[in-house]
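Generate coordinates for the entire structure from the input sequences, incorporating the hints supplied.
Going down the list, the protein sequences come from chains U and D.
No gaps in the numbering here: position 179 of the first sequence is 179 in the UniProt record's numbering, and each next residue is one more.
No gaps in the numbering here: position 126 of the second sequence is 126 in the UniProt record's numbering, and each next residue is one more.
Quick caveat, the hints were computed from the structure, so don't treat them as lab data.
Some clues are possibly wrong.
The list cannot tell twin chains apart, which means a pair is met if one copy fits it or any two copies do.
Unchecked claim - List time: in silico DSSO-like cross-link candidates among lysine-lysine, alpha-carbon distance up to 27 Å:
(1) K67 / K57
(2) K79 / K67
(3) K57 / K144
(4) K57 / K79
(5) K12 / K57
(6) K60 / K12
(7) K82 / K12
(8) K57 / K82
(9) K12 / K144
(10) K82 / K144
Number of protein chains: 2
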Amino acid sequence: MNTHIQTVELAKAYRLINHGPTVLVSAQFQDDINVMTAAWACALELVPAKVSVILDKATKTRQLIEKSGFFVLQVPTLKQLKLVQALGSISQHEDPLKLEHCNTPLFQIDGFGVPLVEGCSAWLICELIPEPHNQQAHDLFIGKVVAAYADDRVFRNGHWYYHEAAPEWKSLHHVAGGHYYTIGDAVDAASVDV
Amino acid sequence: MNTHIQTVELAKAYRLINHGPTVLVSAQFQDDINVMTAAWACALELVPAKVSVILDKATKTRQLIEKSGFFVLQVPTLKQLKLVQALGSISQHEDPLKLEHCNTPLFQIDGFGVPLVEGCSAWLICELIPEPHNQQAHDLFIGKVVAAYADDRVFRNGHWYYHEAAPEWKSLHHVAGGHYYTIGDAVDAASVDV
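Written out as C-alpha cells, the structure is:
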C-alpha cells in the first residue's frame with residue numbers, strides 16, 4: 001500500500017468530509033464491484049463516527065451495499081476530475097465494464113473486503129446501519145465509520161493542508177452538469193478582522 | 001427587500017447547497033427567533049426538493065423548528081465569516097441575546113413566518129417533514145423546500161458565479177475549530193484534458 005496512506009482516528013473522521021466535497025462511493029459483493037460519484041454525502045455523528053449518503057434506486061452500487069452491508073466514501077481530487085465525472089455519468093447496469101472503461105484504479109486494505117479508489121485523498125470505510133424506511137423513502141443510507149485513512153500529503157495530524165499541497169490535491173464540489181468548484185483558500189475565523 | 005434577491009426555481013434549489021457549504025439555520029416560533037451554524041446539511045431529493053440537516057438536541061434552533069415546523073437554510077459568505085463562527089459557538093440557551101450580540105441582520109419575505117439572514121448568497125425556506133425516529137435517533141431533520149432565493153450577484157440563471165463575483169461572496173466550508181476553506185476555482189469536466 002502507498003506509504004502516504006495513514007490511519008485517521010475515528011473521532012476525527014468527520015473532518016474528511018466536513019467541507020462538503022463530492023465523494024466516490026464504492027462497494028463490493030462477492031466478485032461484483034462498483035464505484036459511483038455522489039454529491040449528497042454528509043457527516044451524521046461525531047462519536048461513533050457516522051455518515052449519510054443518498055443512493056438512487058437505479059444505481060448498481062446501492063445493490064452491492066444492500067447485499068454486502070459495507071461501503072466506502074472517498075474524497076477524490078482535482079487530478080481525478082475526469083474519473084469523477086465518468087463514474088457519475090455511466091451506470092454499470094448499462095456498461096458492465098464501467099470500471100475498466102473509466103480506468104478506475106482500485107486497491108484493498110487488509111481486513112476489509114471493500115474496494116478503495118487509488119489516488120483519492122481520504123477514505124472512510126463504513127458498515128451499513130440498515131434502516132429500511134430511510135433507504136426506501138429517502139434513498140438515504142447511514143453508515144458507521146469502522147476505519148478511516150488519508151494521504152498525508154494533504155491531510156495529516158487531523159487537518160487538511162489544501163493550502164500547502166499541490167493544486168492537484170484539491171477536493172471537488174459538484175454544482176450540476178459536470179461543473180465543479182475546487183476547494184479554495186484557508187480562512188481562520190479567529191484571525192479575520194471584519 | 002434587496003432587489004438582488006431573486007427567486008430560484010425549486011427544481012434547481014439543490015444547486016444552492018450541492019457544493020457542500022457550511023450553512024446558517026434559522027427558525028422562529030412566535031416571538032422566539034434563533035440562528036445557528038451547521039456544516040452537516042445536504043440535499044436529499046431533487047423533485048420535490050428536499051434537504052437534510054443535523055441539529056443537536058442541545059440547540060435552541062431545533063426546539064423552534066420542532067414547534068413551528070419551518071426552518072431556513074442559507075448560504076453565508078466569506079464577508080460573514082465572523083458571524084458564521086459566532087452563531088456556531090454561542091448558544092441562545094446561555095446567551096438569550098445571542099442574535100443581538102452577534103449583530104445578526106434579519107429580514108422576512110412576505111408569506112413566510114421565518115427569519116432570513118441578510119447578506120447571505122442563498123436561502124432555502126423549508127417545511128419540516130416530521131420523522132420522529134430520524135430526529136430522535138440521528139438528530140436528522142428533513143425539510144421540503146417550499147421557496148428558494150439567491151442573490152443575483154453570485155447565483156443567477158440556475159448557476160453559481162463564484163468565479164466572477166467579488167471574493168467576499170465565496171461560500172465557507174468548515175473543517176473544525178474555526179478553520180474554514182472558501183470555495184475555489186471553477187472547473188469543467190468536459191474541458192479538462194487529463
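Please flag the earlier hints that this structure goes against, numbers listed from lowest up.
When the structure is compared with the hints, numbers 2, 4 and 10 turn out to be violated.
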